[in-house]
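Participant: Sequence:
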Amino acid sequence: MKIPKYLHQYFWDVDVEKLDIEKYPYFVVSRLLDKGNIEAVRWVKKNFNYNLVKKTLINHRDFSLKSASFWALIYKVPLTKVKCFQEPYLAMRRTHWPY
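Residues 1 to 99 in the UniProt record's numbering are what the sequence shown spells out, letter by letter.
For the record, the hints were derived by calculation from the structure and aren't laboratory data.
There's no promise every hint is true.
[Stated by the list, open to error] Below, simulated DSS-like cross-link-like pairs (lysine-lysine); rule was C-alpha separation at most 30 Å, straight line:
hint : residue 1 : residue 2
1    : K23       : K2
2    : K35       : K5
3    : K55       : K35
4    : K45       : K23
5    : K18       : K76
6    : K18       : K54
7    : K54       : K35
8    : K83       : K66
9    : K76       : K45
10   : K81       : K54
[Unchecked claim] Pairwise CB distance ranges, derived in the manner of DEER restraints:
hint : residue 1 : residue 2 : range
11   : S69       : K5        : 26 to 32 Å
12   : L79       : K2        : 30 to 36 Å
13   : L79       : K18       : 31 to 37 Å
14   : T80       : K46       : 17 to 23 Å
15   : K5        : K76       : 18 to 24 Å
16   : K18       : L52       : 18 to 24 Å
17   : T80       : E17       : 22 to 28 Å
18   : P78       : E22       : 26 to 32 Å
19   : K18       : K81       : 30 to 36 Å
20   : T80       : K18       : 18 to 24 Å
21   : M1        : I38       : 28 to 34 Å
22   : K23       : L73       : 25 to 31 Å
23   : Y50       : V14       : 35 to 41 Å
All C-beta atoms in this analysis are idealised placements derived from N, C-alpha and C, irrespective of residue type, glycine included.
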């Protein structure tokens, strides 16, 4: 499976042509849900199963707090289970960006 051309803009920091979706599905899902538009979300829902998306939300810190909060509501995941809402990560974010 390849990432469609219209979604390449969300992978500005990697070579999309070499990105192995089967090897890095969590990276792809987290990037598209956090940074993508409605077409990106539709593509994720079409190409990845519900449990993988939910597991990505729970285990990856790459989400903005706003985005993670939204997806936690959609996927019915308590914020206490979402990695980017856990105190060690929040403390680290405050250290890096104290504003």
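Participant: A separate judgement is required for each hint: does it hold in the structure or not?
Facilitator: Now for the hints, and whether the structure bears them out:
For the given pair, K23 sits about 12 Å from K2 by alpha-carbon distance, which is consistent with the 30 Å threshold. Of the supplied pair hints, the one linking K35 and K5 holds, its CA atoms being roughly 16 Å apart against a limit of 30 Å. Simply put, K55 and K35 have alpha-carbon atoms about 18 Å apart, close enough for the 30 Å limit, and the pair holds. Among the hinted pairs, K45 with K23 is consistent with the structure: their alpha-carbon atoms are about 18 Å apart, no more than 30 Å.
With a CA separation close to 33 Å, the supplied pair K18 and K76 exceeds the 30 Å bound. The hinted pair formed by K18 and K54 meets the criterion: a straight-line CA distance of about 25 Å does not exceed 30 Å. For the suggested pair K54 and K35, the alpha carbons sit about 17 Å apart, so the restraint of at most 30 Å is met. For the hint pairing K83 with K66, the CA-to-CA distance comes to about 13 Å; that is within 30 Å, so the pair holds.
A C-alpha spacing of about 16 Å is found between K76 and K45, which places the hinted pair at or below 30 Å, so the restraint holds. With a C-alpha separation of about 11 Å, the suggested pairing of K81 with K54 holds against the 30 Å cut-off. Take S69 and K5: their Cβ atoms lie about 30 Å apart, and the range 26 to 32 Å holds. Checked against the hint of 30 to 36 Å, the C-beta distance between L79 and K2 comes to roughly 34 Å, which is consistent with it.
Between L79 and K18 the CB atoms are about 35 Å apart, so this pair conforms to the stated range of 31 to 37 Å. At roughly 30 Å, the beta carbons of T80 and K46 sit outside the given window of 17 to 23 Å. K5 and K76 have their C-beta atoms about 33 Å apart, which leaves the hinted 18 to 24 Å range violated. One distance hint, 18 to 24 Å for the beta-carbon pair K18 and L52, holds here, with the actual separation near 21 Å.
The hinted window of 22 to 28 Å between T80 and E17 is violated, with their beta carbons roughly 39 Å apart. At roughly 30 Å, the beta-carbon separation of P78 and E22 lies within the given 26 to 32 Å, and the hint holds. Distance hint check: the CB atoms of K18 and K81 are about 33 Å apart, consistent with the given range 30 to 36 Å. Distance hint for T80 and K18: a CB-CB separation of about 37 Å, inconsistent with the stated range 18 to 24 Å.
Roughly 20 Å separates the CB atoms of M1 and I38, a value that falls outside the hinted 28 to 34 Å. Checked against the given bound of 25 to 31 Å, the beta carbons of K23 and L73, roughly 30 Å apart, stay inside it. Between Y50 and V14, the C-beta spacing of about 25 Å breaks the proposed range 35 to 41 Å.
In summary, the structure is inconsistent with hints 5, 14, 15, 17, 20, 21 and 23 from the numbered list given earlier, while agreeing with the others.
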